[in-house]
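Construct the entire structure; sequences and hints are all you get.
Each chain, letter by letter, is given below.
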Amino acid sequence: MKTYDAIVIGAGHNGLTNAAFLAKAGLSVLVVEKNDYIGGAAVSRTLHDDWVYSNCSYVCSLLRPELHRALDLARHGLQITPYYGGATFMENGDYLGSYPDPDLAHREYARHSRHDADAKLRYRAETMRQCRLIRDFLLRTPPDPTSLKPRNLKSLAELAAPFLALDDTALYDTWRFWSMSIGDYLDEFFETDVIKGALAGSGIIGTALGPYSPGSAYVLLHHYMGDVDGSIGAWGFARGGMGAVSDALASALKSYGGDIRTEADVDSILVRNGKACGVALTDGTELRAKVVVSNLDVKRTFLKCMDHRDLPDAFIQRVKHFRTRGSSGKLNIALDGLPTFPALPVGSPLIDGDLHFVDSMARLERAYDDWKNKTWSKDPYLDLIIPTLTDPTMAPPGKHYMSVFVQYCPPELDTGPWTDDAREAFGRTVIEQIARYSPDFESLIKHVEIRTPRELEAEIGLTGGNIFQGELTLDQLLFNRPVPGYAQYRSPVKNLYMCGSATHPGGGVMAAPGANAAREILSDLRRPNTVPENFGDD
Amino acid sequence: MTERLDVIVIGAGHNGLVCAERLARAGRKVVVLERREQVGGMTETIEFAPGYRASACAQFLYDLPMSTVDELGLVSHGLTMDPRPLDTVALAPDTEPRVFSSNRTSTLPGMDASAWPAFRKHMLDLAGFIEHIKQRPPPKLHQRDRADLLGLAGMGLALRRLGTDDMREFLRLITSNVYDLLCEHFEDPVVRGAIGFDAVLGTHLGPRSPGSVLTLLHRWSRGGGPVQPIGGLGAVSSALAASARAAGVHVRTESGVRNINVHAGRAIGVTLNDGSTLEAQDIVSNVDPRRTLLDLVGARHIDIGLARRFHRIRAKGTAARMLLALDGLPEAPSGNDRLLRQRLVVAGDLDELERAYNPVKYGEFSPKPALEISVPTLSDPALAPAGHHVVSITAQYAPLRPEGGWTTSRRDAFADAIRNTLDAALPGVARHIVAEDLLVPDDLESRYGITGGHWHHGELALDQFLFTRPVAFGAQYRQALAGLTLCSAGAHPGGHVSGHAGRHAAAAILRRGTES
Amino acid sequence: MSTLGIDLRIRHTPFHPRTREANLLNRWHSWQGFTVADAYFDADLEYFAVRNATGVFDLSPMTKYRISGPEALAYLDRLLTRDVTKLKPGRVAYAVWCDDAGKVIDDGTLFHLDDGTYRLCSQEYHLEWLQAAALGFDVLVQDETDSIAALAIQGPTSCAVLGAFGFANLPSLKPFGLRDDQVEGWNVTVSRTGFTGDLGYELWIDPEDALAIWDRLFDAGRPYGIKPMGGDALQMARIEAGFIQAGCDFLPADRLVRPGRARSPFELGLGWLVDFNKPHFSGRAALALENDVGSRWELVRLLVDGNKPARDAYLYGSARAPIGFVTSAMWSPVAKQNIALGTIERGKRRGSLKAEIFYQRELHWSRVLADCQTVEGPFFDPPRRRTTPALLR
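The listed protein sequences correspond, in order, to chains A, B and C.
All residue numbers for the first sequence refer to our numbering, where the first residue is 1 and numbers rise by one.
All residue numbers for the second sequence refer to our numbering, where the first residue is 1 and numbers rise by one.
All residue numbers for the third sequence refer to our numbering, where the first residue is 1 and numbers rise by one.
Don't read these hints as lab results, they were simulated from the structure.
Each residue gets a CB set at the ideal place from its N, CA and C atoms; glycine is no exception.
Simulated DEER-style distance windows between Cβ atoms: (1) Thr-85/C x Gly-363/B: 42 to 50 angstroms; (2) Gly-328/B x Asp-414/A: 38 to 46 angstroms; (3) Glu-442/A x Leu-363/C: 54 to 62 angstroms; (4) Gly-363/B x Asp-275/C: 44 to 52 angstroms; (5) Gly-363/B x Gly-116/C: 35 to 43 angstroms; (6) Arg-261/C x Arg-151/A: 31 to 39 angstroms; (7) Ala-147/B x Thr-388/C: 56 to 64 angstroms; (8) Ala-212/C x Arg-312/B: 47 to 55 angstroms; (9) Arg-261/C x Ser-409/B: 50 to 58 angstroms; (10) Asp-215/C x Glu-442/A: 51 to 59 angstroms; (11) Arg-179/C x Glu-37/B: 58 to 66 angstroms; (12) Arg-75/A x Pro-259/C: 35 to 43 angstroms; (13) Asp-412/B x Arg-261/C: 53 to 61 angstroms.
Taking lysine to aspartate or glutamate pairs in the EDC-like style, the calculated list, with each CA pair at most 20 angstroms apart, reads: (14) Lys-372/A x Glu-364/B; (15) Lys-316/B x Glu-191/A; (16) Lys-372/A x Asp-351/B; (17) Lys-368/B x Asp-370/A; (18) Lys-308/C x Glu-356/C; (19) Lys-374/A x Asp-351/B; (20) Lys-372/A x Glu-184/B.
Here it is, written out as structure tokens:
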């Protein structure tokens, strides 16, 4: 029987990235995937006629350009196109536009508040300062602050260096930023509800935090720190849907000699003499490998696919307590035409961007209260986008695909598990929210796919339906992600590694966890590193 | 008339008195100026109804180090208390009380019985690091001079002393939320709720809010056991004032300060409400940092950015006080009279506690507030007429200023909510009530002059902790303005009746004295 | 249809109908969102109008804040680094303001309109900072950029032009003087100020009157060689005058991302604007410290050998590593000098400075290493700028 150098469990984007870098280093690599399609949560699915849905992740900004280049993803067909701005609709019929051009953005903010328009200039500088600190760290392995090993000390020093270079003000502001709520942070700059509401959205997407929960300022950073072609904070589409990312990664992997086997559901990770040595599939097949890499979330990896006796009890406890409660839902909608949003000026380019319908932080916070009470938000925060305005490949000409990300949606209801009826009612809530601002929207609907955390867990295997494979709170970031002491992609079992979004630097179709894990694996195997370094910000 | 002094301390709260005593002991000529008729500030005992007295705000001591009690000779100055901490008894309708004890057998159901001592020990181990931090002034992150580097290195060593596992756990938990922590360790919802309440008491946090483990560790850094002095917390202030006077401090009441006077960029004295002025080498303020800098000093004497930082200190109080005069005792929980003498907690489970928190975010009060209750007359009968009793309650959550203000009808509605919650947990208490007094955060603000009516003079949270408490570039007690020292709970290490801030502030002044 | 939305795409100054007609080159840029001319017919000739006759520049987009209330003066004295208590009504002062670290947020001109009311004009937007500075003061800070139109009338014949326009006794107005006037029924505030380093005035008017005033001005100025002038010509004049500009020679300290990029007044050669003999002002402690221990950067005004404009040039001391860079540079037509403003690290200079200039001719790049000589003050400083009564030709 063939023994692979490495088996990667799960053909999500991190698994594929990890496998591609391992294969590029000359390893024989097999990726096993339970579904009959690859991509995990970065997929393009055709579920209705000729419409293509990015039915899980839907926009792209964090995918590291270093990896894009190192794996030659452009040659493998990946094309990322930025989209234009966006708008937040207000209950009074007005809107707040978000324009990429700073001058235009200032004028639009000034329409709501001169003070806030000027404050935005300082806000931009301060958040950018924080972005620059974290961006350098995305393609690095987090140091273990409790270890005095030279390697860790060096890595700690590297982590500390940019902070030490900061002037006094920035140093203290960084300390505060990382521990603050996005609500308190925005209150320090702005006085206008809609401006704060619009900016706060990035602080809660995908997260079971409200805008006034401490730590949510970091979540904002997580959504700001990406870039499209150097435009930091910009977001874009993968042409053809998010599946294009996975397809390009798969193509790169194959070009380096790697294999992918779909409909290969891993039942367990095989451990002999304390070392991982392969996987057993649910159909009974056993596959051997020198190294096993799991792109599954940590609960699935360690609690479902392993014998607990192979793991330290304390580790199992920590894994059990890793927070993976889902908080997001999604609607994918096929439209017969382009809906109108009468609040926007006719011909406004803002409709190409991300549209929001919550115009204050109090409404966002109340939406979060619903989640805490185990129900979906009755006044939900939506991140609505119509990709077909930018990417013509996703619907027939003249027709449109609308992606609606919904915050908040609980993993389980106060009445118990999700039911199909409840899911329909959830979808209704979302559609009504949109229809309040777009009278012709409902009449254009041809098909709706409604996804709650239940569907995310069932189809993609994300425990709790958490889109980041685990909450992005400070206690689960950096050296705490996923488990303190195991943040360097190695598990307690020799030859078993983690490469999913549950590891540093977390979720968001970044591919950095997969790449970082590959670098650690290659180092353990004493193979030349194929993973690139940060480009670095000047 | 201008009188020359070494030190003027504004405000005779406990930190002001501790600071004054320490400085006077070191030979400084010190006057303490108190706006009100009596000393103590929020650490006072009031007669809330004729013949009935109780602690006005804080009702327990958690954090007063015995070393301070000894050094200041508080016992000889009249402080009487049983230093053995009270138990905490979690009450819930229609179920047995849960007793949390540090030195006796706890009566927690099922697995939680053994989980509690282990959990408590684990938390106290971690809290030891917080105690290390509290015992010391915060180092500066910038301008790395020797003292700051030593302070930072000391913190690093103290952290390492926890050992690898605890250090990892500390670094994880310090930003984490108490809701998940308690769900990890306990099964019983009432047990979880009661411990969760310890984390959020006196804060603008719910149990799910990240940062609520920090506030738990802060409360528990000296063991977490509550102590109630005879005569209420006012007895602590009286003893502190007596100790200060014995050290030579001149404590002047009814001497409200209108302004801190600044000349050539330095605080040089104060103007009192009666227009008289006093000058001194050092001006120490026990008034909360925001009022000190923005109202007493005036923003114009400091830089714009710094003034903005003080302006933005988050200080929205959420804790209300309700004092009840009773003509008899309520039924003891489970008929056990001993339990009634303990610290009683009615918090429901963590979800109920979180739901109690939700309204305050929108400026509304909790329809079902969480309560911390004591019956101080059981150990201190002198607080009420013979046979009568006092019930002292801290209730959360109450907004600082609801929309439309604290109208009579809103106060009544909130008082009803407190009484209903209380009566469900201690059946029969309501029919004994002969008088009551409700103090909402707005009252605390106006009565004690504390921004937001916030116990800690500013929210206790990671972004307002250590290096950045009360603000960045103002954390070392003497940093905001030459000649001015901040000694209130708004400075590091924050509130509880501990005297830490007063001690550190005094030490900062004395250190300067030896350096120059 | 939008009911509440407004057209954000283009903002026009009240003079736009005239500037559009005048702009033969159709060359424009956006100044804080306003469409303003780079040049109207020939940037060099527009520049020469300023030095030889009169150039008219549409100043309307200049950010203008009205500061009023009982404590306006105390407020400004705490905001600005210089002592403005001596600024009498009817006088104008150049000033800078700093953050807590003593780094310059912006420079601008302060107009003392009536007793107790001031106008602060700057290049950039600062309402948030100015309102934060108002904490604890009985003062009102309002943005009045859109409610005042402004023209700069600059050059040796500018006083004569305005005399013909209808101003009486204008020659007696001293530099940095300010006066409210009524001309032909229009309320006009005139100040003897400008950004050209030459004799010149600025008119502050009601936007409603803008077009009529423009027309009358150009009628009155025809005999005196009046010309409209765009941003390019103004740049030339201001560099010759040795003036620094936000966005060019420094950036507002509160908008910077990278550490070490902000500049103090000392580092911009504006130490004379810092007055330690007045009560507290923002940044005072940091500036006092810098005054003691020395600045990191130093602004230099350079005469550069040769005739290749030293735009974006690296500056070298004697060592190989560059010690600074040029921020503004040009060939000065009036001084017949190659001039530049630059920033160097203080104390790093050994001997004369050299500028490494790259220039392109028909696609090919060449490089020269030009010797530089530092000078104090303006490159061009005609006495007419100050003479009172003002010259009429």
